[in-house]
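Undergrad: Listed below are the residues making up each chain.
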Amino acid sequence: MAEFGGQMAADSLLTHLLRDAGVAIGGGCLCLAGDCPHCLATVDGVSYVRTCQVTFREGAAVTLHAANGQLPPLESPGERPPVTARTTHCDIVVIGQGPAGRVAATDARSVGAHVVTLDAREGQDVIGVYPGPLVVARTEDGMRHVYPRGEIVVATGASEIQPAVPGNHLRGLVTARAAAELAASGVPLGQVVAVGTPPDGIVCELASGTLVRFEPSSDPTRVGAVVMRDPGGVETRLACDTVSLGLGLTPRDALLRMARGMNVRGVGDVLLPAHVPPCPVEGTVCPCAGVTVADLASVHARGFHELELVKRATLAGTGPCQGAGCVPHIRAFLAAQGAALQPPFTARPVTRQLTIGEVAAGAHHAVTPRTALHEEHVGLGAIMERLGGWWRPWHYGDVDAEYSAVRTGVSICDVSTLGKMQVSGPGALALLEHLYPVPISTLAPGRARYVFLLDERGYVIDDGMVARESDTRFNLTFTSGGATFAEMWVRDWAESLGADVRLMNQTFSLGAINVTGPRAAELLARAGVGAPPAFLHHGQADVAGVPCRIYRLSFTGEVSFELHHAAADSVRLWHALLSLGQDLGIRPHGLKALLKLRLEKGHLIVGQDTDFDSSLRRLGCEWAVRLDKPAFIGRQAVLRTNRLPLDRQLCGFEMDGEQTTSEVVCRTPAEGATIWDGEDLAGVVTSTTWSPTLGKSIMLGWLRLKDGQLPTDVTIDGRTARRVPTPFYDPEGRRARG
Amino acid sequence: MRVVERLNAARIVAIPAAIDAATWPTGALAFRLAPDEVLVTASTPAGVIDDAHAIVERETGFSAVWVDSAQAIDFLERECDWELPRERPAFAQGMVAGLPLKLWFGQDRVLMVVASPCAADLAERLR
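Chains X and G are the protein sequences, given in the same order.
The numbering of the first sequence is numbering that gives the first Met the number 0, which starts it at 0 and goes up by one.
The numbering of the second sequence is numbering that gives the first Met the number 0, which starts it at 0 and goes up by one.
Next up, chain X with everything else stripped away, as it sits in the complex (with noise of 0.2 angstroms):
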């Protein structure tokens, strides 16, 4: 244990090495405050440690840095906890607990405020403050994140000044602070010499007149002599073991600046003013970006003429002292050159060098959301892929016999992760009729439609099902990975219009399975539903016991039946259906199956062959809107853009390919292919697949027209494709609605 300021303290590292190691420090002034690059070490595989900041502790593996600037070796720091973060809220937070910060400390306390104390020197080195207010400070526990309700108090004290001289990379130069602090620690210093302020307590030389350099003594790392220059020009050499160095303070202020504009206010020595020392003629500026004199005149030179600017040239006060030793140097420098005294560089989080745990503290990656079928996905051997913004199943091993299934007997798809809101209220449908670009006053209860969202420019943001309950009730479909925006943008028009509507967003709510194919009718009869609904009907209904609604869809082709129940009852109703239909062949589909099935009936999907600016009337859907509608959102600009000459149109695609299973590697063209008209770029491939049923390889995608007309011929991928109406499957519909 060491006495030093009145207080006793564990011994630092620092101390630890110099005194009973007997280590070689440096070089470089010591400083012993956090301040400098010169006692960096690498410890426990950790680069960048202030060893005068953190408490010895036995069996530490230390290596120090080299001077100068040179990297650390990169180490690795092997398997490691991860760093956690501790929030406290608080009214006050003093940071520095020097005598200043502990009469802060004691008055707030006194008035009865909830006040937390960081401080350095207790091993809470605040790194940053942000806006919120938050100060972050790193610890030896972790970070801990501090939000004061009321004021934050700066009492960062003082920095000592590095002398910036010719050999201030010898070892035994410390300063004053230092040398008081490592004599009371028992650090021999030898024969010591003081330039400026001498050291409490330490006897010591008092060296007079200008510091001119530092020379070696018979070990070239180490100083042997300080030269000082008298006003007359005569110079001396002072013979010693140590310099302690006191040429000034310089307020440790950048905490101070960082808060401005927040309510924060700075105590003691942090509002001294910075003493500027004399312009230095030679030697290194920036210890750790080995800056010297002779780099600040060429830089300024060349126009670098505001600290700014030196500070980008020469990367001065880039390292990890972030300019606390060269900041008054190259302020000093600049004014000598007839500059007016510049502020110090504007100061930003983090003030101090963080390892890659302690940044992520606290951080966690978004939440990928699961179907209460994921497990049974799992189980069944599915391949899980994060699409729309949940984890589904891609598909369950044997895509061929998925797709079969549904193409010839009956399948089932867990599709819960479908946006779902009910809307209820005497404002529902005038809610629903300002949203959609088609009428819904003619929708019947028990009728279904399937509408788009647009935007107020006319362009599509999403698509999905408007089903009517009641004349006051509907219930929405959004898709997957666009549900939460659709909400929002219910939500907002529902406020903005005054609506007299209730609204509850129940996609986490309800799970929904699919159950399609040819054979899908029979299989619900099995689970007790004698009389399904119609084609774009739906009803209420128990199926195998599950109270479900069904909504009679197709975005297979096939008869769709989507069963939309309470999640809890997910695992039952998936279970019975694989159960009643396993002599009719049923196997659960993926989405991979999926978007083969649907890109055969030519659905789109949004985001994926739309665009940010895909109106209907270029989507090719323009039965989708009604323009004999006084009001909806997008009217004014399907109109106006309705005039306009058509200049690109999404269109279906067909090739002849030579593949005969979805297995072999495709020479189907993929996503993103370009489409040329002769010579010319004319489009993008957005969906692909090869159609076992049709034999073929089809496609959607962005067509330019040219001279007014759809080319009929393109190359996509080298080879000719067909422009062909969608749907390219059952384009009568005959299928789907049985």
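Hints are supplied without guarantee of correctness; some may be wrong.
Heads up, simulated SDA-like pairs for lysine to any residue below, C-alpha to C-alpha not over 20 angstroms straight-line [as the list claims (entries may be wrong)]:
(1) X:LYS628 - X:GLY426
(2) G:LYS101 - X:PRO368
(3) G:LYS101 - X:GLY426
(4) X:LYS600 - X:VAL723
(5) X:LYS628 - X:LEU496
(6) G:LYS101 - X:HIS363
Distance ranges between label pairs, derived from CB positions [unchecked claim]:
(7) X:SER469 - G:ASP49: 15 to 21 angstroms
(8) X:GLY527 - G:PRO84: 22 to 28 angstroms
(9) X:ARG264 - G:PRO24: 52 to 58 angstroms
(10) G:ASP19 - X:PHE484: 29 to 35 angstroms
(11) X:THR105 - G:GLN70: 46 to 52 angstroms
Bear in mind the hints are in silico, worked out from the structure with no lab data behind them.
The structure displayed is predicted, hence computed values, not measured ones.
Every residue, glycine too, gets a C-beta built ideally from N, C-alpha and C.
Let chain X serve as the given structure and place chain G on it in line with the hints.
TA: Chain G only, in chain X's frame:
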């Protein structure tokens, strides 16, 4: 790992005055998610709400776990940036450990409620 179990509840969206005036089954907890929305840890008949257009639904889309108070506070000090309520009982909601959580602070324990699709993530982050 803690088991975060699906909550059997009711969710109601109605005019705020109707929710203000409602009474809930004895022993049930009622979490006011928004002025016009409440989550009740009981099956609630529609009749309790005096709003003809109210949406009253069985709600199984949330999962929950009770955590001992000291452990919960330790977890929240690490994973929650916002200030926790001091009074008991209390309800609060916001992002915790990167998840949208609803918290019920009882005298000796805390109920953590999360949307069921994120329940596995909560269990993982509670470890």
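Undergrad: State for each hint whether it applies.
TA: Verification of the hints:
1. X:LYS628 - X:GLY426: holds (18 angstroms)
2. G:LYS101 - X:PRO368: holds (17 angstroms)
3. G:LYS101 - X:GLY426: With Cα atoms ~30 angstroms apart, LYS101 of chain G and GLY426 of chain X exceed 20 angstroms; violated.
4. X:LYS600 - X:VAL723: Holds: LYS600 of chain X and VAL723 of chain X sit about 13 angstroms apart, inside 20 angstroms.
5. X:LYS628 - X:LEU496: With a Cα-Cα distance of about 18 angstroms, the restraint between LYS628 of chain X and LEU496 of chain X holds, given a limit of 20 angstroms.
6. G:LYS101 - X:HIS363: Holds, because 18 angstroms separates the two Cα atoms, which is no more than 20 angstroms.
7. X:SER469 - G:ASP49: 15 to 21 angstroms: For SER469 of chain X and ASP49 of chain G the Cβ distance comes to about 19 angstroms; the hint holds.
8. X:GLY527 - G:PRO84: 22 to 28 angstroms: violated (48 angstroms)
9. X:ARG264 - G:PRO24: 52 to 58 angstroms: holds (53 angstroms)
10. G:ASP19 - X:PHE484: 29 to 35 angstroms: Between ASP19 of chain G and PHE484 of chain X, where Cβ atoms are some 31 angstroms apart, the hint holds.
11. X:THR105 - G:GLN70: 46 to 52 angstroms: violated (34 angstroms)
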